[in-house]
Structure formats: structure tokens, C-alpha cells
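*Asks:* The opening residue of the sequence shown carries number -8 in the working numbering; numbering runs sequentially from there.
Derived by calculation from the structure, the hints in this document are not laboratory data. Where a beta carbon is used, it is the ideal one built from N, C-alpha and C, also for glycine. Hints may be right or wrong, so weigh each one.
Straight-line distance between alpha carbons at most 25 Å, and here's what the computed SDA-like set of lysine to any residue pairs gives [to be verified]:
id, residue 1, residue 2
1, K33, L82
2, K13, I42
3, K76, H59
4, K47, E73
5, K13, P39
6, K47, N69
7, K76, Q51
8, K33, A9
9, K4, T34
10, K47, L19
11, K4, H61
12, K13, L63
13, K4, R83
14, K76, H61
15, K76, T56
16, K76, H62
17, K13, G32
18, K4, Y29
19, K76, L88
Between beta-carbon pairs, the in silico distance windows are [as the list claims (entries may be wrong)]:
id, residue 1, residue 2, range
20, H62, R83, 17 to 27 Å
21, P39, G7, 15 to 25 Å
22, N(-3), K47, 17 to 27 Å
23, G7, K65, 19 to 29 Å
24, N(-5), Y29, 27 to 37 Å
25, P36, F81, 17 to 27 Å
26, K4, L88, 19 to 29 Å
27, R16, R71, 14 to 24 Å
28, H61, I85, 34 to 44 Å
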Amino acid sequence: MMRNRNVDRDVEKGLGGAGKLKILRLLLQNPDHAFTRYEIGKTVPNDPVSIRNNLKTLIQIDWVTPYHVHHLSKYAINMRHETVKRLAVFLRDIRYL
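Construct all of the structure, not just a fragment, from the sequences and the given hints.
*Replies:* Shown next, in the form of C-alpha cells:
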């Protein structure tokens, strides 16, 4: 089977650190909720700059969808993305979620 270079790149970017994994865990555990960066920061023990940078990366690869509600930016998992769906199954199987 031939490898898909785009999937390789996205997985490497998306899983490239504990901070991103913790954000993904929070969002995957609550797929119907959009979180502010402040809400994410209360759950994910990381500094605000790292959270912002991790969210930026996850948005670039389309794993997280940003929403703008009035003056707030909120973030939710993109469960329509095939890689995210498969990642959710994998993380549940290994009991990370």
C-alpha cells in the first residue's frame, strides 16, 4: 500500500508534542462543545503561548475548527476529518480517552 505524504505530514504535526495531545484529548472527550483558550488552559497545564501555538497548528491541519462568537474565539474538534475519526478510535482503544 502506498503511503499518503499529506497524512504523514499532518499526523507528525498534529501529534508532535504532549500539549497537542492533551488539547486533542479534551476536545475529543467533548466533541459537541467549543472551548475558549482560557477554558482549554484550565484543563491543559501549559502556558497560554504554547496553547495558542498548538491550536494554530491543529487548525492548519484542519483537526480543530475555530469559531468566532462575538468577541470570543472558540475551538472544537473537527469530527468530519477522516484522520481525526481514526485517531479518536485509536485513542479510545488504548484508553487515552
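*Asks:* Hints the structure violates: just list their numbers, smallest first.
*Replies:* 11, 14, 16 and 20
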